Amino acid sequence: MALTPLQTLLMILAVAAGTQITRWLPFWLFPENRRPPAWTAWLSRVLPAATMGLLVVYCLKDVSWTASPYGAPELLSVAAVALLHRWRGNVLLSIAGGTALYMVLVQAVFV
Amino acid sequence: MKEKTGRRGALRAAFPATVPVLTGYGCLGLAYGLLMAAGGYGPLWSTLMSAVGFGGSMQYAAAPLLASGSFDPLQVFLLTLMVNARHIFYGLSMLERYKGLGRARLLLVYTLSDETFSLVSTLDPPEGVSRRDFFLCISLLNYSYWVAATALGGVLGNLLAFNTRGLEFALTALFAVLFLEQWKHRENRRSGGLGLACAALSLAVFGPERLVIPAMVLILAALLGGRKLTWL
Chain W
1 MALTPLQTLL
11 MILAVAAGTQ
21 ITRWLPFWLF
31 PENRRPPAWT
41 AWLSRVLPAA
51 TMGLLVVYCL
61 KDVSWTASPY
71 GAPELLSVAA
81 VALLHRWRGN
91 VLLSIAGGTA
101 LYMVLVQAVF
111 V
Chain E
112 MKEKTGRRGA
122 LRAAFPATVP
132 VLTGYGCLGL
142 AYGLLMAAGG
152 YGPLWSTLMS
162 AVGFGGSMQY
172 AAAPLLASGS
182 FDPLQVFLLT
192 LMVNARHIFY
202 GLSMLERYKG
212 LGRARLLLVY
222 TLSDETFSLV
232 STLDPPEGVS
242 RRDFFLCISL
252 LNYSYWVAAT
262 ALGGVLGNLL
272 AFNTRGLEFA
282 LTALFAVLFL
292 EQWKHRENRR
302 SGGLGLACAA
312 LSLAVFGPER
322 LVIPAMVLIL
332 AALLGGRKLT
342 WL
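Top to bottom, those sequences are chains W and E.
Per our numbering, residue 1 is the first one in the first sequence, and the count goes up by one each step.
Per our numbering, residue 112 is the first one in the second sequence, and the count goes up by one each step.
Since the hints were made in silico from the structure, they are not lab data.
It should be emphasised that the depicted structure is a prediction, and the values quoted were computed from it without experimental measurement.
Do not rely on the hints blindly, as some may be mistaken.
[Said to hold, decoys possible] Cβ pair distances, simulated, as ranges:
no., chain 1, residue 1, chain 2, residue 2, range
1, E, Arg-276, W, Tyr-70, 34 to 42 angstroms
2, E, Glu-238, W, Gly-71, 41 to 49 angstroms
3, E, Leu-185, W, Pro-69, 28 to 36 angstroms
4, W, Gly-89, E, Leu-218, 43 to 51 angstroms
5, E, Ala-149, W, Leu-29, 38 to 46 angstroms
6, E, Leu-267, W, Arg-34, 22 to 30 angstroms
7, W, Ala-67, E, Ser-255, 22 to 30 angstroms
8, W, Trp-28, E, Pro-325, 35 to 43 angstroms
9, W, Asp-62, E, Leu-267, 22 to 30 angstroms
10, E, Glu-238, W, Arg-88, 32 to 40 angstroms
We put the CB at the ideal spot given by N, CA and C, even for glycine.
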């Protein structure tokens, strides 16, 4: 441990405070007992789809597209997820299949 | 008694939905415990961080700071606000769904991570299961996976031999599947496509470290710009 226990505790609390503020902010701004402006209901409807797109890109943000293997394991595995999901529509199967393929690709194919 | 079967029903409905998160958190939480142990922080510290600071990417970002002994809580606090700014989207999206759930909302918001959000924003409870119990089960299961995996990683230290390389892709696959689930509904396609495009643009312009906030601003601007401004 490079920090003292008290210092470590304060660092942990700083992370916790920052995280919790970002989680609570919308609920503080628009409390339940007051009618929220109409646009928040609209945002509640349209944001989840956009956010899922953001999260997919966020997960792939550290892939290097200009050096070998040019993101091939990621692209192939995401494609496998999409095809499996189109074919069977089973969430668990799509995730397990895509992940298994990715593990084989990064451990045995593109090493 | 009725209450009890209701809760058990909620758990039975929620558990299968959380299995991908169990895989992803199991792997990433374990790795986090190992990483902290390598930096000199045993299972008690890493588990405390996971239980209190619950937020994967920021915990990973803070690990090297702890290991190197740089003590600057204010800087870590500000960094956390930036890394986790995406949570604001989750809260805005969940205002309606988390309405009228009483004190349960404290736990729900406390544990609203990326993965939990992706499930509670997409799935609805089956008939006979209350919204509150269903969302609580998903949230608390995911939370406990993360904390337990961290503890296990901290205890195991470097004893692990199984090659888990690539297992973290389970989370990417989870988000991709939930994106496709949203895509099924025609009215969500424009918003989903905008999300992908704005995030990709932001990644290209600002790079992987600063992608989140510009992407959020772009998404909001594009959504608002494309909407008839009747609410003004």
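Hint numbers contradicted by this structure: 1, 3, 4, 6, 7, 8, 10
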